[in-house]
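Asker: Sequences are here, hints too, so could you generate the full structure?
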Amino acid sequence: MISHATWRKMWMTALGWAASLVVAFPVFWMVLTSFKTETEAISRVPHLLFAPTLGNYRAIGAQARYLRFAWNSVVVAMGSTLLALLFAVPSAYSMAFHPTRRTRGTLLWMLSTKMMPPVGALVPVYLIFRDTGLLDTRTGLVVVDALANLPIVVWMLYTFFKDVPREVLEAGRMDGASALREIVDLLMPLSLPGIASTSLLAVILAWNEAFWSLTLTAAKAAPLTAFIASFSSPEGLFYAKLSAASTMAIAPILILGWASQKQLVRGLTFGAVK
Amino acid sequence: MAQVELRQVRKSYGGDEIIRGVDLMLRDRELTVFVGPSGCGKSTLLRLIAGLEEITSGDVLIDGERVNEVPPSKRGLALVFQSYALYPHMTVAENMSFSLKLAGVGKAERERKVMEAARILHLEALLTRRPKDLSGGQRQRVAIGRAIVRHPKVFLFDEPLSNLDAALRVRMRLELTRLHRELEATMIYVTHDQVEAMTMADRIVVLQGGQVEQVGSPMELYNHPANQFVAGFIGSPRMNFLEAKAKENGEGETELVIGGSTATAPARLGVDLTGTGDAVTLGIRPEHVQVVSSGGLPTRVQGVEHLGSESYLHLATIAGEPLTVRVNGQTEVRPEQTVEVAFDPRFVHIFDRNGASLRRADDPSSSPAKPVGIGPGVSVV
Amino acid sequence: MSTTQTSAGRRSRASGLPGAGNAGFYANLPSIGVLLLWSVVPLGMTLWFCFRRYNLMAPERNGFDGLGNFRYLLSDPGLGMAVWNTVLLLGAVLVITVGLGTLLAVLFDQEFFGRGLARVLLLAPFFVMPTVSALLWKDMMLQPDNGVLAFLWRSFGFRPVDWFGRLPLLSIIVIVSWQWLPFAVLTLLTAVQSLDAERIEAARMDGAGPIALFRYILWPHLGRAVSATVMIETIFLLGVFAEIYVTTAGGPGFASTNLSFLIYRYVLMEYDIGGAAVASLLAIFLANLLALFLMRSFARNLDT
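Chains as they are written, first to last, in the working numbering: chain G, 224 to 497; chain Y, 2 to 382; chain B, 530 to 833.
No lab work stands behind these hints, which were simulated from the structure alone. Beta carbons are placed, not taken as given, at the ideal position from N, Cα and C, and that holds for glycine. Among the hints, a few may not be true.
[Claimed, not checked] Listed next, the stretches of chain Y that the computed footprint assigns to chain G, with coverage defined by at least 3 CB atoms under 8 angstroms from CB atoms of chain G:
id: 1; stretch: 26 to 34
id: 2; stretch: 68 to 78
id: 3; stretch: 100 to 110
Answerer: What follows is the structure in structure tokens.
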């Protein structure tokens, strides 16, 4: 005898797995393709069984180009995250613990700067970068990514800081802590998990950022997003190698993202959904 | 020496005035309790003294020195928070020595002071633990320890016992008063619990709506409440209030007619009731009402609470006004019964229409016991 | 009346501190400063270039041009298409992700075997960089010769579709929806899980069936999460660029050109700064129009 509840659970299992397999299939397929030969990869009848090869990974890894792009991605993601945190931590501290009647408006204004599509700023930013020599430099991309992510980082930190009991910081103040000591000795250790997941989100956003990478960088400072895009030209039609390069490009973020999924909701919805 | 003085202190947020001109002198080595209902401004007042909130107008003086612009840590005060506000990422010892560390005190000196505080508070065994591994009472002690190590001029307590269970609260109450004696410190203690105020305070400041209602020792407040609010707030169960009319009885005596009751009695109150109009409020504490066999104010029993050592009768007058009576020991009175009660005239309070207490010429606490003349009304010689 | 409420709300937190309080206030200024620069300087420059003749290929022909750029842009057949495509892309992706997302959120709220792992797989697309997901769909899924969908079509006896040639905007909508579906699911699932189980039980006791439960209990509860999801997705969807850049390059013709891509074409393909500035202005205007509605509903749901 199978109970009603068990039937129901089996149905849900089938439905749930079907949905997630369909959604994840393209990624799965890409990873699979990265282990095929180029001939297998463009076969009209998809191969599910084949002799896996690491040749594509070797070919991509052997390219000095690839390593440079990957290094650019690392530098830009880390650099822009650190820069954004440097501005956002004091800012979020200020609004979470020293609110004024304008705080709410300030927060919403910061968010609204994010509403402007990046392309709206393309012309001026492009010209400024051209005139200051920042075009195709990692510094330039670090600055732009940090600015683009700053509102989100401020918001996310703000919602985490709001969870720190106010009295603890007040106790610190009674004990003689300056604002800087309050932040460094009390607030940051106490909200470390929040700061960590905020940084993670900033790294993910910067790593995956494509608009500014494609418009402001070329051969020198281009990160992986731009490198992958170069495969779209007709002469770059090597599906297996593209798959290998793509798999390597998304693997670190996929792992980081899965590890922090719970916190990401909160950060990306600006604390509206916890 | 440590005394705190407030001069016309006001605090407003936006348009709301939370503290409306408070003048206070808190004396050296006294334990002063700020008490009042929630929202009365008592915690705000404490935070103004601490420097955690900025004063809108007026002055705070510590030892005669104006400290309005002095940051909290430089005022020589220590504050124990309601939530304890321990630093969760530091051990007990680190929690207690944080302020010393910030002040640049040497390591040896820090350890000596922490040990001293730990000894006073019996925390020696817990010094390496973190707050999350402590019980509520232990956290409370650490919070106090954090204050003690600084040797502050004044200790401030913001409802420190409200997160503890009833039994622990009684114990900590005693411990805090012991500490007060031992340290010979000036303390300001905020609570909404009048029992804490009565049991611990040298002096009580009753606050309501951002204003001081009365300042005095616990017994002064109990015996001579300045107004109906203080009378109702101090003492448990709370004082009974009955509407009454003052009347001239034609013999030059003032008589009080208690609402709904036709029974009257001469009330030579020694209170000048002229000019107050004829409507006053009579106040009498439950412990000062007696059940009598006849000649009293008739009431109907609404309910009876038996506590063993004492009982409370919840009565209603003919006019429907509630009246609580405390009876020693146990009682045979049952609900729906009718009983007659009389008031001990020594303990009757009279308030005018605005709630202000009308002081009598003689002091009720000093007048000799006079169990006669008890009636439904009041008779005071 | 509302003023007393807000001031009461502030009372519990507000603190103006002598000394430390000022530092606390000033700590916010660097962020405000750079964001102000980041939003005002580009806007000012854009406004300036709107009225200038300025082509990077012929910088010497620089000068005041009156409404020339506006006239030029309005005569561009691509403009109407770009605006329409932008709106269509936004609307379609929002409907698909929030609709499917709600269903999947309810599904993943149920107990089933391996739910944790299935949920992790479901989230994968969100973490894939846009250029990768675009190429992935273009070269491996939707490719008309050896793509997976072409194989499926053939298996069922249909002729494979030339997705990017015949249905370019739909293809882009599919890719972008695929990228954003996980975000919607995750957000809505978090919201579904925060629903008090007792409230559902109470509704059951009152005789509510599954449809009534969804309609009267779950959907209203999701309001806040839906409004947040719509707002965040809108922020990113208005700027969709890489997916178009990598797949159709806006074509064929203007069939899959949105405002972002149109502006990109003006700047980096035609080097026409003036034209791009006017188009940017339009994009900013459109974004702000949407922002006005969205921010208002979002701010209502906010407990700062």
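Asker: To test your reading of the hints: which numbers does this structure violate?
Answerer: 1
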